[in-house]
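**Q** Residue-level listing of the chains:
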Amino acid sequence: MKQLFSLIFILSASITLSWSQPSKGSLLIKNGTVLTVTKGTLTNSDVLIVDGIIKKIGKNISAPKGVEVIDATGLYVMPGIIDAHSHIGIDVVNEATNPVTADVWVGDALDPMDVSIYRALAGGTTTSHAMHGSANVIGGQCETIKHRFGSTNPNDLRMDGAPRTIKFALGENPMRVHGEGNGIIPRTRMGVEEVIRRAFSEAQAYQAKWDAYNKDKMKNPRALAPEYSRRLETLADILSGKVMIHCHSYRADEILMLMNVCKDFGVKKICFQHVNEGFKVAPELANFGAYASVFADWWAYKFEVYYSTAYNAAILTRNGVVTSINSDSPDLIRHLYHEAAKTQHYGGLSDDEALALITINPAKQLGVEDRIGSLEEGKEGDVAIFRNHPLSVYAVPVRTIIDGVVYFDIDKDPSDIRVSIDPDNLPTFQQYTEEDRCMDGVFEYLFENR
Amino acid sequence: MKKWIIGIYCLVLNLVVQAQTGDLQPLNRVYAVTHAFIVPKPGMLLTDATIVVRDGVIEAIGNQVSIPVDAQIIDADSMYVYAGFIDALSEAGIKKQEEEQGARGRGRAATPPDNSPLTNTKSGVTPEIEVASQLDPSASDLGAMRKLGFTTLNIVPEGRMIPGMSAAVELHGSQANEMILKANSGLYTQFRGAENRKYPGTTIAVMSKWRDFYKNAEAAMHHETMYAEDPTGLPRPSYDAATQAMYPVIKKEVPVIFETPDILSMYRAMDVQKDLGFNIVLANVKEGYLFTDVIKSNQVPLILSLDLPKKMEEEKKGDAKKERGGMEKGDDKKEKPKMEKKDQPDDPETAQLKAKQKAEVEKREKQAATLTQAGIPFSFGSKGARNSEIKANLNRMIKAGLTEEQALASLTTEPAKLLKLDRQLGTLEKGKIANLLVSTGPYFDEKTEVRYVFVDGSKYEYESKPKPKPGSNDASAQKSALGTWEYTIDVPNQSVEGKMIFSMDGREIKGEISNASSGDETKPLNNVTVSGTVMTFDMDYDMGGNSMNLQYELNLDGDNLDGQVMVGSFGTFKVKGKRISKPN
Chain A
30 MKQLFSLIFI
40 LSASITLSWS
50 QPSKGSLLIK
60 NGTVLTVTKG
70 TLTNSDVLIV
80 DGIIKKIGKN
90 ISAPKGVEVI
100 DATGLYVMPG
110 IIDAHSHIGI
120 DVVNEATNPV
130 TADVWVGDAL
140 DPMDVSIYRA
150 LAGGTTTSHA
160 MHGSANVIGG
170 QCETIKHRFG
180 STNPNDLRMD
190 GAPRTIKFAL
200 GENPMRVHGE
210 GNGIIPRTRM
220 GVEEVIRRAF
230 SEAQAYQAKW
240 DAYNKDKMKN
250 PRALAPEYSR
260 RLETLADILS
270 GKVMIHCHSY
280 RADEILMLMN
290 VCKDFGVKKI
300 CFQHVNEGFK
310 VAPELANFGA
320 YASVFADWWA
330 YKFEVYYSTA
340 YNAAILTRNG
350 VVTSINSDSP
360 DLIRHLYHEA
370 AKTQHYGGLS
380 DDEALALITI
390 NPAKQLGVED
400 RIGSLEEGKE
410 GDVAIFRNHP
420 LSVYAVPVRT
430 IIDGVVYFDI
440 DKDPSDIRVS
450 IDPDNLPTFQ
460 QYTEEDRCMD
470 GVFEYLFENR
Chain B
197 MKKWIIGIYC
207 LVLNLVVQAQ
217 TGDLQPLNRV
227 YAVTHAFIVP
237 KPGMLLTDAT
247 IVVRDGVIEA
257 IGNQVSIPVD
267 AQIIDADSMY
277 VYAGFIDALS
287 EAGIKKQEEE
297 QGARGRGRAA
307 TPPDNSPLTN
317 TKSGVTPEIE
327 VASQLDPSAS
337 DLGAMRKLGF
347 TTLNIVPEGR
357 MIPGMSAAVE
367 LHGSQANEMI
377 LKANSGLYTQ
387 FRGAENRKYP
397 GTTIAVMSKW
407 RDFYKNAEAA
417 MHHETMYAED
427 PTGLPRPSYD
437 AATQAMYPVI
447 KKEVPVIFET
457 PDILSMYRAM
467 DVQKDLGFNI
477 VLANVKEGYL
487 FTDVIKSNQV
497 PLILSLDLPK
507 KMEEEKKGDA
517 KKERGGMEKG
527 DDKKEKPKME
537 KKDQPDDPET
547 AQLKAKQKAE
557 VEKREKQAAT
567 LTQAGIPFSF
577 GSKGARNSEI
587 KANLNRMIKA
597 GLTEEQALAS
607 LTTEPAKLLK
617 LDRQLGTLEK
627 GKIANLLVST
637 GPYFDEKTEV
647 RYVFVDGSKY
657 EYESKPKPKP
667 GSNDASAQKS
677 ALGTWEYTID
687 VPNQSVEGKM
697 IFSMDGREIK
707 GEISNASSGD
717 ETKPLNNVTV
727 SGTVMTFDMD
737 YDMGGNSMNL
747 QYELNLDGDN
757 LDGQVMVGSF
767 GTFKVKGKRI
777 SKPN
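Just so you know, the protein sequences line up as chains A and B, in that order. Oh and the first sequence: position 183 is 212 in our numbering, straight run, nothing missing. Oh and the second sequence: position 92 is 288 in our numbering, straight run, nothing missing.
Check the hints yourself; a few may be wrong.
To be verified - Every beta carbon over 10 Å from chain A, so not counted as near; a handful from chain B, in silico:
| hint | residue |
| --- | --- |
| 1 | Q260 |
| 2 | D408 |
| 3 | N412 |
| 4 | H418 |
| 5 | R464 |
| 6 | D467 |
| 7 | E556 |
| 8 | G627 |
What the hints assert, rightly or not - With a Cα cut of at most 16 Å, we get these calculated EDC-like pairs of lysine to aspartate or glutamate:
| hint | chain 1 | residue 1 | chain 2 | residue 2 |
| --- | --- | --- | --- | --- |
| 9 | B | K562 | B | E600 |
| 10 | B | K559 | A | D453 |
| 11 | B | K507 | A | D445 |
| 12 | B | K554 | A | D240 |
Claimed, not checked - Selected chain B positions facing chain A (Cβ under 8 Å, derived; list incomplete):
| hint | residue |
| --- | --- |
| 13 | T398 |
| 14 | A401 |
| 15 | R407 |
| 16 | M417 |
| 17 | P427 |
| 18 | R432 |
| 19 | S434 |
| 20 | Y435 |
| 21 | I459 |
| 22 | T488 |
| 23 | K492 |
| 24 | K552 |
| 25 | Q553 |
| 26 | K562 |
| 27 | I685 |
Because the hints were derived from the structure by calculation, they are not lab data. We put the beta carbon where it would ideally sit given N, CA and C, even for glycine.
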């Protein structure tokens, strides 16, 4: 008791946070068919991961002392699958209160206990791009996460050092939410363009003010700082290339529109998401250097996405556009390997081309291709092991490894993996909706106005 | 000599009775509580001791205290005296704000959206609001807290992202201002978006707004300071009440009380704190056991919730019966209709889920003990807990390993330190404020009742009353509830309306409820209890496949009722009602 008395709350103590680092492991995967994606396929080969990093790939590697060996005889070893568009692992998707919300960041709302993360692991997916939704023309900043499931610490999900990205959205979603819903711009596609141009122009003015202040400050100690705005600061960071745009888009005309806006403002980094009419403007996308992240065969779920084709990914690839296949769904994220395989039926892509759609290409789109997305020495030890070839309909993911740590093992798959449950409100069943999660959190707004 | 004392005692008693029946002031405010077990601070016990309070201040305490001649004597033989409890996070006495008309129910769609410029007020950023402006001294929950032994509440205002400044409030007085012991005890904030689709709508925007607002307030403070020193050549600072209210927070004179009822909100609050550097208190904490490392290494002050999830004993009973072949029938009549259902063994998945749920409930019961073992001090806060469950919840925590000494410290010395009121509150010492409670035995014994509470030296006396059991025969109280009532539940953006009918079923009271939107269909109410003017009951509600338990706590006042309903994690909503017919 006396000890407790001596433990006085020190309110004024300076608080420094030290989040613990997620664990890294060492593993030797023996004698598998290694699908490196970038360096061909190696039969009867081993992959050695030491402290989370791929140390060596080759034949007859012996395990260092104390390193666990996984026998992959007869199995396929591929890089962990990457999803460039999803909304799992976060508990806020849309801040639908303004057509421009560049200041918000879904990385603030990571939810490591989202069971969808484990389900994604069970499909060999090790990394995903947790995105803001598409309610706003310029939505919030996104977060690239690794699926290190089992923790209650949101920081365990972060892929530290991954470049900053931000969600844009064209077309009907922002038109519906803000135009129809609130009676403000944008009500049309013209309005969407106007919102972006105005936001960028304001960001330029904001940056100019701060540049002037920072210069003035040197010689004038009484200089007053301009008003601080995270929204404009983030937009200025887009203009200076520090933040990459990932833009929800469907129609060819709006895709061309945004490329023109980007040219006018000197923005070079952009990845179009969904891009269902991308096949119509594939050469233009390639010429700009824009990336495309598409569905394998999902369209016609609303008017603006009435027209598409399952050949989209193959056409974009053949035109030299760095293309990926994404899920935008906690369901599709569990079998992206099937989604990738569809491009072999519709478009005849090679194995490596098809696998690239869910590995090295999304890695490029997230700016992490030097760290993940292929099995190469020096890269991070994110691996998916399959029974049967991952592009076969018989493929079964058996192990999923991140940083050399096994997070999914089909032989040790508990019936209830949830980290925690709410003791007051037991879940009974999960209601499944056909809508994509891009519009999560804004439906109530829309219904209220009907 | 003895007779003389008794004589005075009787006289005093008469005066006290008069004072309570009429609205007379007591003769004086000098009291001597004698022959008591006194716990001046946690871990210390004086036997056969006396405490004298005069004009709101403790005058003397100990075994050798001479009783002043003008003192009203309270013979507390075999009773226990403690320092009055301090609730570090309370919402008692706060008038819930009426939602804007346009934001309600059917009216909403017709209202055109408000596209006028966004203000801090519309964003729910109102640090300039003080508790006194929202406090209703006559609110019944203030009295209910006092009856439990609480004498000081740190009350937070009602609102959105930053509702305003909390204040330490003494539970005595008829004017809000005279009850305030310490204004601006903390800046209260929560992850709660603005109303009417205004920014910030979600957690991520609340976090962003915090950073924007705070940094601009820092700049404004810097500007004002420079201007005060020498205005020459500078633009004049603009006036903004919300911004200026942040200055004491920026100067670290006032801590930020962050409501963080789950582990994710604790991480998020600490992320914002890390960016901005203010002094933080994590409040309404329910999952602190998941955060001990960070709490410890950063010495974060904590306010633990006095709310606990529902106990899982009923399930246990069912299981026990099942194990015995499911043949034994409980004595309890009410169990019978459920028996058939309970005889069915749970499928393995449900059983596993229930086991997991039970473990989760136990973790929360153990939270206080776990933190104590980790060497982390904490205070308790009542926000979100039902008054009627606070003592039972404390006992559940004690049963789960919390020492009574630590429980007491978390209700007295720790919150006093947290609120920087430890020089005047928290222990029974000469010269401190005369806040104390007198109970019939050790406070945490289940049968113990609070008999007297002194707040600022003013006495409140409580009669001994047998506790009515659920559905018990407190006949006159039950009678006051009978009939048909119309009710309204104030849920944001809509108003839920319907009828409740209470009638007698033998010696028990039963009730049923209907909802205007679902026609004549009625649902039964469970565990209807009327005690005095307080009626409680609960009901099961199916919400899109999720079964929820709604818990009502209502005050009866003639033909009117008001109170609240707890809807699981969705929160607590205000209930109002009127009796439209009485039984024949």
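**Q** Are any of the numbered hints broken by this structure? If so, which, sorted upward?
**A** 2, 3, 4, 5, 6, 7, 11, 12, 16, 17, 18, 19, 20, 22, 23, 26, 27
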